[in-house]
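First residue of the sequence shown? That's 62 in the numbering used here, and the numbers climb one at a time after it.
Quick caveat, the hints were computed from the structure, so don't treat them as lab data.
Keep in mind the model is a prediction, meaning the values are calculated, not measured.
Glycine included, C-beta positions come from ideal geometry on N, C-alpha and C.
Any given hint could be a false lead.
[Claimed, not checked] Okay, the calculated beta carbon distance ranges per label pair:
#1 GLN109 / GLN263: 47 to 55 Å
#2 ILE105 / LYS127: 24 to 32 Å
#3 ALA91 / GLY185: 44 to 52 Å
#4 SER168 / LEU119: 50 to 58 Å
#5 GLY151 / MET112: 29 to 37 Å
#6 ASN227 / SER77: 20 to 28 Å
#7 ASP274 / LYS340: 33 to 41 Å
#8 GLN171 / MET112: 22 to 30 Å
#9 ILE105 / VAL162: 16 to 24 Å
#10 ALA311 / ASN227: 22 to 30 Å
#11 GLU229 / ASP93: 17 to 25 Å
#12 LYS257 / ALA219: 43 to 51 Å
#13 ASP102 / GLU170: 31 to 39 Å
#14 VAL68 / GLU170: 27 to 35 Å
[What the hints assert, rightly or not] Lysine-lysine pairs mimicking DSS-like chemistry, simulated, CA-CA at most 25 Å apart:
#15 LYS257 / LYS324
#16 LYS65 / LYS129
#17 LYS186 / LYS242
#18 LYS131 / LYS121
#19 LYS324 / LYS242
#20 LYS280 / LYS156
#21 LYS257 / LYS140
#22 LYS236 / LYS280
#23 LYS65 / LYS156
#24 LYS208 / LYS340
#25 LYS186 / LYS338
#26 LYS140 / LYS280
#27 LYS324 / LYS186
#28 LYS121 / LYS208
#29 LYS156 / LYS257
#30 LYS208 / LYS129
#31 LYS156 / LYS186
#32 LYS300 / LYS208
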Amino acid sequence: MNDKRVVFDFNISFTSGGGIQGQDFRLDIAGDTITDQELADYIIDDMQLLMVGKVDILNKYYIEEKHKRKPVNELPDDKYIDLSHTIFDGLVTYKGLPSPVICDYLSREQSRGNYEPGTEFQIGKIEMVTNTGTYIDCPFHRFENGKDLSEMELDRFADLEAITINAENATVIDKSYFVAKEIRNKAVLVYTGWAKHWNTPQYFEGHPYLTADAAEYLKECHVKLVGIDSHNIDDTSGKSRPVHTILLGAEILIAEHLCNMDKLPESGYRFNAVPPKFKGAGTFPVRAYASFNS
Numbered sequence: 062m063n064d065k066r067v068v069f070d071f072n073i074s075f076t077s078g079g080g081i082q083g084q085d086f087r088l089d090i091a092g093d094t095i096t097d098q099e100l101a102d103y104i105i106d107d108m109q110l111l112m113v114g115k116v117d118i119l120n121k122y123y124i125e126e127k128h129k130r131k132p133v134n135e136l137p138d139d140k141y142i143d144l145s146h147t148i149f150d151g152l153v154t155y156k157g158l159p160s161p162v163i164c165d166y167l168s169r170e171q172s173r174g175n176y177e178p179g180t181e182f183q184i185g186k187i188e189m190v191t192n193t194g195t196y197i198d199c200p201f202h203r204f205e206n207g208k209d210l211s212e213m214e215l216d217r218f219a220d221l222e223a224i225t226i227n228a229e230n231a232t233v234i235d236k237s238y239f240v241a242k243e244i245r246n247k248a249v250l251v252y253t254g255w256a257k258h259w260n261t262p263q264y265f266e267g268h269p270y271l272t273a274d275a276a277e278y279l280k281e282c283h284v285k286l287v288g289i290d291s292h293n294i295d296d297t298s299g300k301s302r303p304v305h306t307i308l309l310g311a312e313i314l315i316a317e318h319l320c321n322m323d324k325l326p327e328s329g330y331r332f333n334a335v336p337p338k339f340k341g342a343g344t345f346p347v348r349a350y351a352s353f354n355s
């Protein structure tokens, strides 16, 4: 593919008054086209402009010409990694719990009678248990007097320094996986590879889990959150749940059913998993993700 450049004029207005114009600008681009919005964002950033209002891109066309610098719309390295499963109507997250029902409360067709022609809206209705999809557990999930979602501080869910613990292909994840790791005050995310079985019968059988001694060690090291890409952070073959008891008892949050953890580095990223601020709920789905400095 030959190198492409975009040629254009622009007109920028400032919210404080006045403006600037440019004619016959030429920029290297990746691919064959670039949107007006991408061009506007690039010009504002490159010129370090402040208080920018309306930006018009005018007389835009493309030419084939050898690149002179890095293309303005070249895709950067991923700044975010989505660690959440998609929740859809009928999804089975935990065998024995009801699947979510996702439907219209007000359909677009029904809404048309409420507005002028050409205007329509959809209002959705979701019915589900709180343990659906990728979710986070607070102390109230395990303890009657524990903090619920509304009582946990926001900084316990967001912008946490994180570390990945590689336990791929392991089933029993004990204390030894965490010894000699820099984990204090961090979100500790345990990668097992089990997410590959998501939405299949195998996901519920023989899944990887942490042991009680691992939970005690994590508690002693004062970690902030522990996540896992498995069906449950505890062994579900019996009736005890020591990991939930130990961690939530120490107000260490738990994130379960993560995914895409094979894309994570060992360290050097932040973890985010913020639920809605519900009173009287100890668990709720989150859009969990890793973020990296640009």
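- request: With a cut-off of 25 Å on the C-alpha distance, tell me whether LYS324 and LYS186 pass.
  value: violated, 33 Å
- prompt: Should the hint that ALA91 and GLY185 are 44 to 52 Å apart at their CB atoms be regarded as holding?
  reply: 37 Å Cβ-Cβ, so the 44 to 52 Å window is violated.
- request: For the pair we were handed, LYS280 and LYS156, check the Cα-Cα distance against 25 Å.
  value: violated, 29 Å
- prompt: Are the Cα atoms of LYS257 and LYS140 separated by 25 Å or less?
  reply: holds, 23 Å
- prompt: Is 22 to 30 Å a correct range for the gap between the Cβ atoms of ALA311 and ASN227?
  reply: With a Cβ separation near 24 Å, ALA311 and ASN227 satisfy 22 to 30 Å, so the hint holds.
field: Range hint 16 to 24 Å (beta carbons of ILE105 and VAL162) holds or violated
entry: violated, 44 Å
- prompt: Keeping to a limit of 25 Å between CA atoms, is the pair of LYS186 and LYS338 held or broken?
  reply: holds, 19 Å
message: Run the distance test for LYS65 versus LYS156: straight-line Cα separation, threshold 25 Å.
response: Violated - the C-alpha atoms of LYS156 and LYS65 are around 53 Å apart, more than 25 Å.
Verdict for VAL68, GLU170 (Cβ pair) under range 27 to 35 Å: violated, 45 Å
task: Take the C-alpha atoms of LYS121 and LYS208, compute the straight-line distance between them, and say whether it is at most 25 Å.
output: violated, 57 Å
message: The hint says 20 to 28 Å between ASN227 and SER77; measuring C-beta to C-beta, is that right?
response: violated, 52 Å
message: For a C-alpha distance cap of 25 Å, please report whether LYS65 and LYS129 respect it.
response: holds, 11 Å
Hint check: violations occur at hints 3, 4, 5, 6, 8, 9, 11, 12, 14, 17, 20, 23, 26, 27, 28 and 30; the rest are consistent with the structure.
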